[in-house]
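2 protein chains.
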Amino acid sequence: MSFIIKKKASRSAARRGILQTNHGSIQTPFFMPIATRGAVKSVSTDDLVGLGAQIVLSNTYHLYLRPGLPIIKSAGGLHQFMNWSGPILTDSGGFQIFSLAKLRKVTNKGVNFQDDVDGTKHFLTPQKAITIQKTLGSDIAMVLDECIGYPASKKKATEAVKRTTAWAKQSKKIKTGGKVFGIIQGSVYQDLRLKSLKEITALNFDGYAIGGLAVGEPIQKMYKVLDWVCPKLPVDKPRYLMGLGKPEQIVEAVKRGIDMFDCVIPTRNARHGMFYVYKNKSLRGEFYQQINIKLAKFKTDQKPIDKACNCYTCQNYSRSYLRHLFLINESLGWRLATIHNLHFYLQLMERIRKSI
Amino acid sequence: MSFIIKKKASRSAARRGILQTNHGSIQTPFFMPIATRGAVKSVSTDDLVGLGAQIVLSNTYHLYLRPGLPIIKSAGGLHQFMNWSGPILTDSGGFQIFSLAKLRKVTNKGVNFQDDVDGTKHFLTPQKAITIQKTLGSDIAMVLDECIGYPASKKKATEAVKRTTAWAKQSKKIKTGGKVFGIIQGSVYQDLRLKSLKEITALNFDGYAIGGLAVGEPIQKMYKVLDWVCPKLPVDKPRYLMGLGKPEQIVEAVKRGIDMFDCVIPTRNARHGMFYVYKNKSLRGEFYQQINIKLAKFKTDQKPIDKACNCYTCQNYSRSYLRHLFLINESLGWRLATIHNLHFYLQLMERIRKSI
Chain P
421 MSFIIKKKAS RSAARRGILQ TNHGSIQTPF FMPIATRGAV KSVSTDDLVG
471 LGAQIVLSNT YHLYLRPGLP IIKSAGGLHQ FMNWSGPILT DSGGFQIFSL
521 AKLRKVTNKG VNFQDDVDGT KHFLTPQKAI TIQKTLGSDI AMVLDECIGY
571 PASKKKATEA VKRTTAWAKQ SKKIKTGGKV FGIIQGSVYQ DLRLKSLKEI
621 TALNFDGYAI GGLAVGEPIQ KMYKVLDWVC PKLPVDKPRY LMGLGKPEQI
671 VEAVKRGIDM FDCVIPTRNA RHGMFYVYKN KSLRGEFYQQ INIKLAKFKT
721 DQKPIDKACN CYTCQNYSRS YLRHLFLINE SLGWRLATIH NLHFYLQLME
771 RIRKSI
Chain G
421 MSFIIKKKAS RSAARRGILQ TNHGSIQTPF FMPIATRGAV KSVSTDDLVG
471 LGAQIVLSNT YHLYLRPGLP IIKSAGGLHQ FMNWSGPILT DSGGFQIFSL
521 AKLRKVTNKG VNFQDDVDGT KHFLTPQKAI TIQKTLGSDI AMVLDECIGY
571 PASKKKATEA VKRTTAWAKQ SKKIKTGGKV FGIIQGSVYQ DLRLKSLKEI
621 TALNFDGYAI GGLAVGEPIQ KMYKVLDWVC PKLPVDKPRY LMGLGKPEQI
671 VEAVKRGIDM FDCVIPTRNA RHGMFYVYKN KSLRGEFYQQ INIKLAKFKT
721 DQKPIDKACN CYTCQNYSRS YLRHLFLINE SLGWRLATIH NLHFYLQLME
771 RIRKSI
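If you read the protein sequences in the order shown, they are chains P and G. Sequential numbering from 421 applies to the first sequence in the working numbering. Sequential numbering from 421 applies to the second sequence in the working numbering.
It is possible that some hints are incorrect.
Said to hold, decoys possible - Calculated pairs, EDC-like style, for lysine to aspartate or glutamate (alpha carbon to alpha carbon, straight line, at most 16 angstroms):
#, chain 1, residue 1, chain 2, residue 2
1, G, K493, P, D721
2, P, K493, G, D721
3, G, K592, G, D626
4, P, K666, P, D682
5, P, K595, P, E619
6, G, K529, G, E579
Keep in mind that the hints were calculated from the coordinates and are not lab data. Quick caveat: nothing in here was measured; it's all calculated off a predicted structure.
Kindly generate the complete structure, drawing on both the sequences and the hints.
See the structure below:
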């Protein structure tokens, strides 16, 4: 078994387990730091190991365009290229094509798009998306899906579900040697979500992602989608909520049975001087806050960001010094903040696991 | 004795020794990484310890203006503020006032200047320059000097020597609890250099710096100044050549009897993707080269920057990956390059010490 559920919560749908990959096993539920272009911004792979990161997520769209596959292939794959020996999940590029690229044309065969940076034209098919991820050496590859924003008309959402299923079928033709996950679309429409779920799970993927959420919809609508979808997902396959989220949202999603998360906010906020701090040891209510280190009130504050935190940053540097680093735009500050925020998120997941 | 010479070279004026400070002793000759604003750009103090850095240099001018003394004082001094437990040398601010600030007026009492960033006006006296460094907790403080550029008229150089001596006398009135070094000026004029040397050494400082070099003069003129000055400096005091330099220049200066160096080039070049690499194990001729990692020829080069180098960067990352990091402007690249270049410089100093 490549996914083992070790424990189920008694009062919620939360589950604790182990997901096995070609590069080691991962305790679930887990959070994936984002290494968009083959680097978690401002930290080294040693930093990630020190933080206890179990897996990272890289973006196929970005890596395919820059540095490009021949360069990563010459290194022997993405693990070797970025010097990370743990598991890597790669997205399919779909989300970026639909949000970043100049979109040319979408057909059942695939999608024509133009690089948002240099204008070069590309054609991506579902098979090619998997083949690219195979070349990267991805431990968990994602199928190409049509990811639509919020709000979306029922017509548009229906088409996206149809195309996502058609593409998922074509994706099955390629074997990667690793895991391949299907993606369920359907916006915030119950019938479409259940239709997508039925069609995608019928294809028997190694895991299932819920896509098209955390794209701007009200948070209660997102929880509702989880309430529709999660109980009908196969229990023995890992479940991944793409792009989520804030700590309290992760807690809620785990309760509904989600096992996997990724989000840019801990690392992006870090680079803007926003530090996460626990207010108490519970996972309920406002159990944490964010500190904007640039505020004048931290001028001479010699305390660490969080005196209860044992991350490298809190063990070595004061709020006063971190504020100084951000005010002078010093990249050491970005690294120290990234280390702290990832520590917060990874510790959050450990607390969640222990609570199950 | 706070400075002990342990060995003298037989064929040159090079000497090897130990300089004792309030924060530990330092093997001489040595190189000081530059922590301008209380951080060696893009690396942590743990990185510096790992590299074997013995001492860092911080800039009084920058720290005085931002974050300002009250903030550093509230931390208990610069060591605590930046979390560095080793020795710190601070410059007097003179060089920056004469090169960066909007200069208002120079008198024998001191210098009026305007912050180059926010336009605030300040008045710095020789006594105040030492008092500021005392507040910072500097292990080696430098006197305020009048640092002139190259070329300088004899008239201007004469005035600078006169004022530097007058200021040095006033500096002697303040005790710091650490070392205070005098600075010898005189541009490229032999008589002025010797006059300055005589006047400054008569004041009996803890060490002597040669200032106003590496400011654009032809390199042979710089060596000539060292040839005039070094033989007449007291043998039992450490000698510091401010702002130098390229590896081969450091080798030449050590041969003339210099013990201490600082320079931005290894760290600044690192942030531009320029990596130092040894060509051979000698310290003669073109014993090293610089690699511009952005060049296309490194696209798929899976070798480390230097296969003989045991720095963290060379042990973990390929040229191909480092090139990618620089092309996407990723701050991890700046850190990895800084680690490598500082390792190169610190290893250079170790090779030099072993050669004596």
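Please verify whether K493 (chain P) and D721 (chain G) have alpha carbons no more than 16 angstroms apart. holds, 12 angstroms
Does E579 (chain G) sit within 16 angstroms of K529 (chain G), going by the straight-line distance between their CA atoms? Holds, at roughly 14 angstroms.
Taking 16 angstroms as the top limit, are the C-alpha atoms of K666 (chain P) and D682 (chain P) close enough? holds, 10 angstroms
Given the hint that K595 (chain P) pairs with E619 (chain P), test it: the Cα-Cα distance must not exceed 16 angstroms. violated, 20 angstroms
For a C-alpha distance cap of 16 angstroms, please report whether K493 (chain G) and D721 (chain P) respect it. Within the cut-off at roughly 12 angstroms; holds.
Does D626 (chain G) lie within 16 angstroms of K592 (chain G) when you go C-alpha to C-alpha? Status holds; Cα separation ~11 angstroms.
Of the hints listed earlier, the one the structure fails to meet is number 5.
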